[in-house]
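Participant: Single-letter residue listing:
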Amino acid sequence: QLQLQQSGPGLLKPSQTLSLTCAISGDSVFSNSASWNWIRQSPSRGLEWLGRTYYRSKWLHDYASSAEGRITINPDTSNNQFALQLNSMTPEDTAVYYCARDQRAGPDFWYFDLWGRGTLVTVSS
Amino acid sequence: DIQMTQSPSSLSASVGDRVTITCRASQRILTYVNWYQQKVGKAPELLIYSASTLQSGVPSRFSGSGSGTDFTLTITRLQPEDFATYFCQQSYGTPRTFGQGTKVEAK
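Chains as they are written, first to last, in our numbering: chain G, 1 to 125; chain F, 1 to 107.
These aren't lab readings, by the way, just hints derived from the structure by calculation.
In this text, a Cβ means the ideal position worked out from N, Cα and C, and glycines have one as well.
Among the hints, a few may not be true.
Claimed, not checked - Derived contacts from chain F toward chain G, CB cut-off under 10 Å, selection only:
no.	residue
1	Leu46
2	Tyr49
3	Phe83
Turn these sequences into a full structure, and let the hints guide you.
Facilitator: Here's what the structure looks like:
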């Protein structure tokens, strides 16, 4: 069954590191027609793309400039999953975090067609 | 970054109405626009990709149009299950960016 299963804690204190995992079923983290993304959603920032990892003969990554320097997205090839780490969390990072597949359709079109259920992450002392 | 500006931010409509939502990109993006529907407590779901192609399983009352900078999502004959929030998203470049959403509420 094609799905993304998220796991990870939902409550953090300021300065702690967020670690979330997204397990892939029905596809491969090595897919050359997909990238594996983290997106968050909050009332103040809307839907915000954070970054992605993808395999094109080697592992590649792209990150949002707003998170650059404190974000890491890595594949876990042994378990067919990928993970998000976001350091130095603040209350402004409180949001629902989603993992999502960005799938290529045809030669050049991409869309987010598969999403995890979301994890509400609250940062509070 | 490419900015996606949606309008209106919310609208009230009745079952059977025709609803139109617009999205404007801050630069020309050909037809690299996708539309999503999101219901409360759920992840967004893909409705339309490449501006006008209906995702498999999406009812034909949904349609999309546009190219360049201006795009439209239309729902003909609004159904009760269509009350939700709708987002546009550009796939022209990285970072991927989304519109701020349009909430369709019952009148």
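Participant: If a hint holds in the structure, say so; if it doesn't, say that too.
Facilitator: Verification of the hints:
no., hint, verdict
1, Leu46, "5 Å, holds"
2, Tyr49, "4 Å, holds"
3, Phe83, "19 Å, violated"
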